[in-house]
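Number of protein chains: 2
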Amino acid sequence: MIQNFDFKNILVIGLGMIGGSLLYGLQSRRFKGTVYGLDTDSEVMKSAHNLNLINNAIDEIPTNLNEVLVIFAVPTLSINTAMAEVLSKFEFKNVLYTDTCSVKSSVLEAIQDTNQNILNNFILSHPIAGSEKSGLSASSESLYDKRLAIICPHEGNKEEDIKKIENLWEGLGSITKRLPASVHDDLFAKTSHLPHIISYALMDTVFNDLKEDSFLHSGGSLEDYTRIASSDPVMWKDIMIANKSSVLEAIDNFSLSLDKISSLIKEGNPDKLVNFFSSIKTSRDMLLPEKNK
Amino acid sequence: MIQNFDFKNILVIGLGMIGGSLLYGLQSRRFKGTVYGLDTDSEVMKSAHNLNLINNAIDEIPTNLNEVLVIFAVPTLSINTAMAEVLSKFEFKNVLYTDTCSVKSSVLEAIQDTNQNILNNFILSHPIAGSEKSGLSASSESLYDKRLAIICPHEGNKEEDIKKIENLWEGLGSITKRLPASVHDDLFAKTSHLPHIISYALMDTVFNDLKEDSFLHSGGSLEDYTRIASSDPVMWKDIMIANKSSVLEAIDNFSLSLDKISSLIKEGNPDKLVNFFSSIKTSRDMLLPEKNK
Numbered sequence: 001m002i003q004n005f006d007f008k009n010i011l012v013i014g015l016g017m018i019g020g021s022l023l024y025g026l027q028s029r030r031f032k033g034t035v036y037g038l039d040t041d042s043e044v045m046k047s048a049h050n051l052n053l054i055n056n057a058i059d060e061i062p063t064n065l066n067e068v069l070v071i072f073a074v075p076t077l078s079i080n081t082a083m084a085e086v087l088s089k090f091e092f093k094n095v096l097y098t099d100t101c102s103v104k105s106s107v108l109e110a111i112q113d114t115n116q117n118i119l120n121n122f123i124l125s126h127p128i129a130g131s132e133k134s135g136l137s138a139s140s141e142s143l144y145d146k147r148l149a150i151i152c153p154h155e156g157n158k159e160e161d162i163k164k165i166e167n168l169w170e171g172l173g174s175i176t177k178r179l180p181a182s183v184h185d186d187l188f189a190k191t192s193h194l195p196h197i198i199s200y201a202l203m204d205t206v207f208n209d210l211k212e213d214s215f216l217h218s219g220g221s222l223e224d225y226t227r228i229a230s231s232d233p234v235m236w237k238d239i240m241i242a243n244k245s246s247v248l249e250a251i252d253n254f255s256l257s258l259d260k261i262s263s264l265i266k267e268g269n270p271d272k273l274v275n276f277f278s279s280i281k282t283s284r285d286m287l288l289p290e291k292n293k
Numbered sequence: 001m002i003q004n005f006d007f008k009n010i011l012v013i014g015l016g017m018i019g020g021s022l023l024y025g026l027q028s029r030r031f032k033g034t035v036y037g038l039d040t041d042s043e044v045m046k047s048a049h050n051l052n053l054i055n056n057a058i059d060e061i062p063t064n065l066n067e068v069l070v071i072f073a074v075p076t077l078s079i080n081t082a083m084a085e086v087l088s089k090f091e092f093k094n095v096l097y098t099d100t101c102s103v104k105s106s107v108l109e110a111i112q113d114t115n116q117n118i119l120n121n122f123i124l125s126h127p128i129a130g131s132e133k134s135g136l137s138a139s140s141e142s143l144y145d146k147r148l149a150i151i152c153p154h155e156g157n158k159e160e161d162i163k164k165i166e167n168l169w170e171g172l173g174s175i176t177k178r179l180p181a182s183v184h185d186d187l188f189a190k191t192s193h194l195p196h197i198i199s200y201a202l203m204d205t206v207f208n209d210l211k212e213d214s215f216l217h218s219g220g221s222l223e224d225y226t227r228i229a230s231s232d233p234v235m236w237k238d239i240m241i242a243n244k245s246s247v248l249e250a251i252d253n254f255s256l257s258l259d260k261i262s263s264l265i266k267e268g269n270p271d272k273l274v275n276f277f278s279s280i281k282t283s284r285d286m287l288l289p290e291k292n293k
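As you go down the protein sequences, you meet chains A and B in turn. Going letter by letter, the first sequence gives residues 1 to 293 in the numbering used here. Going letter by letter, the second sequence gives residues 1 to 293 in the numbering used here.
Just chain A, with the same shape it has in the complex:
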């Protein structure tokens, strides 16, 4: 499949699973321009070069490229360092920036605070894709296929630029949707960051009790429900810190639901418990997208 993109050059900063899957996606869709990549780990850059995923070996990127998209695929709290390095090293012309970070308000603030000059050319995005695995070796050309990519435009962005970023993700197979950064952060605190916290807490409590026997008698639910506790710790540390207030609120609300169930079990009224479980089951079964039924 040949896919048109709106850039002559694409520079991906950070060649982990998210950045690596961008590279594979561009390669498999035969991006006609040139792809460059940078990573703090020179071995990873060598690998990406050997796999023909990036044009440059270490540090061989022309500093005066024209018509460039820079994609920051780094952990959320590394965005400042990554921006500083790119802006000090290159003098690109006609450049747009985007990112893949899981928290958007903190990235927006980072640009406003330290790189106001690129603010209008920076269109925030967040591909809703990933797994508990990490690193270039976990990358896949189909990671973004049929997944949602949230675009969080701000008032300084031009409509034509926003469309180019949407076209990038759609070109990689994603469905795009626009949300304000603050709405995005509050929403994903509930539907993504909270499940990760629950997964960490479950693995912590089970391991504290059962140690090396943790999975010995499990029928599968425990493996499923702790899966994302195997995610990249640095990425998730960043998300928790960057989205602190929304995450803490989500945990508090979850604790209220947990307390409600505890009280119902303590009370031991069969009808109340069945009604509660039934109403939750009904909500889920009714709302779940067809594909997951």
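I should point out that these hints are in silico values taken from the structure, not numbers from a laboratory. Keep in mind the model is a prediction, meaning the values are calculated, not measured. You may find that some hints are simply not true.
Because identical chains cannot be distinguished in the list, a pair is counted as satisfied if it fits within a single copy or across any two copies.
[As the list claims (entries may be wrong)] DSS-like cross-link-like pairs, simulated, lysine-lysine; straight-line CA separation at most 27 Å: (1) K133 with K260; (2) K32 with K158; (3) K32 with K93; (4) K272 with K8; (5) K177 with K211; (6) K260 with K146; (7) K46 with K272; (8) K244 with K260; (9) K164 with K146; (10) K260 with K211; (11) K266 with K244; (12) K158 with K46; (13) K158 with K177; (14) K260 with K46; (15) K244 with K211; (16) K93 with K272; (17) K272 with K133.
On the provided structure of chain A, position chain B as indicated by the hints.
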């Protein structure tokens, strides 16, 4: 595959997914004896009869069978009613009993309290298999294949009888393991009942906040982490009540882990958060059975 079992007759009480999968398993392994089934829903019994899964149409089970295994595949708290009905209706000779309930101490107490005369012939078992689906139509001949079946012998059971029940589950493809009933209940409160409670609480809190938009922006984790909230409400009401004290203790311990993570996020110390997440990831990755890696 023809599999030898140690009974001439097998009567399954309760033809939901668990009982139905026993019937399919016996059929596919060409059990040489006769299989009977009872369910409170006469339509389900008709279906099972039409599918050649059970020999009897409604109420046509000889009352004086010899060499019989009775398997109670009913929700945990229905065991008393089911036992009363079987014992009042039939006068079997050379009979063993087992069950499939998810909580074992409460079943043992029910037998001790009301049917002491069959106590020594009742070998408790719990196949660690199931899904969020329920009913005869969700049954599968391979449900017990390569799954664990926990046997909880008590001091009145004879070794030869315990072996016959182990042989039943092994004949259906399971791996058997013996555990005392109280150890079983404490263990599964942590590794199975707790994940279900978490799933209910997560679905409850997300639905309270997001209503019909609950899954609209999810990347998959939310679907995964609420999957078992679609389980059978009556079955899980019974489990929560029957295993109340172990379940409440498991929730309390989980809440402590959740509070620990909340405090770390509030404090916002990056090193402490990374260390905590890393240590949890290490435990999981180290312990997880190879098949799930």
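How the hints compare with the structure:
1. K133 with K260: between (34 Å within a copy, 25 Å between copies)
2. K32 with K158: within (25 Å within a copy, 75 Å between copies)
3. K32 with K93: within (19 Å within a copy, 80 Å between copies)
4. K272 with K8: neither (62 Å within a copy, 43 Å between copies)
5. K177 with K211: Cα proximity of K177 and K211: across copies only (19 Å, versus 43 Å in one copy).
6. K260 with K146: Neither: 37 Å inside a copy, 36 Å across copies.
7. K46 with K272: neither (61 Å within a copy, 32 Å between copies)
8. K244 with K260: both (24 Å within a copy, 15 Å between copies)
9. K164 with K146: Only inside one copy: K164 and K146 sit 18 Å apart there, 51 Å across copies, limit 27 Å.
10. K260 with K211: Between copies only: 18 Å across, 29 Å inside.
11. K266 with K244: between (32 Å within a copy, 7 Å between copies)
12. K158 with K46: So K158 and K46 fail the 27 Å test inside a copy (36 Å) and across (66 Å) alike.
13. K158 with K177: For K158 and K177, the Cα distance is within 27 Å only inside one copy (16 Å; across copies 65 Å).
14. K260 with K46: neither (53 Å within a copy, 40 Å between copies)
15. K244 with K211: The answer is between: 23 Å across copies meets 27 Å, while 30 Å in one copy does not.
16. K93 with K272: This pair counts as neither: shortest intra-copy Cα distance 65 Å, inter-copy 41 Å.
17. K272 with K133: Classified as between: cross-chain Cα gap 22 Å, same-chain 41 Å, threshold 27 Å.
The structure fails hints 4, 6, 7, 12, 14 and 16 (numbered hints given earlier, in ascending order).
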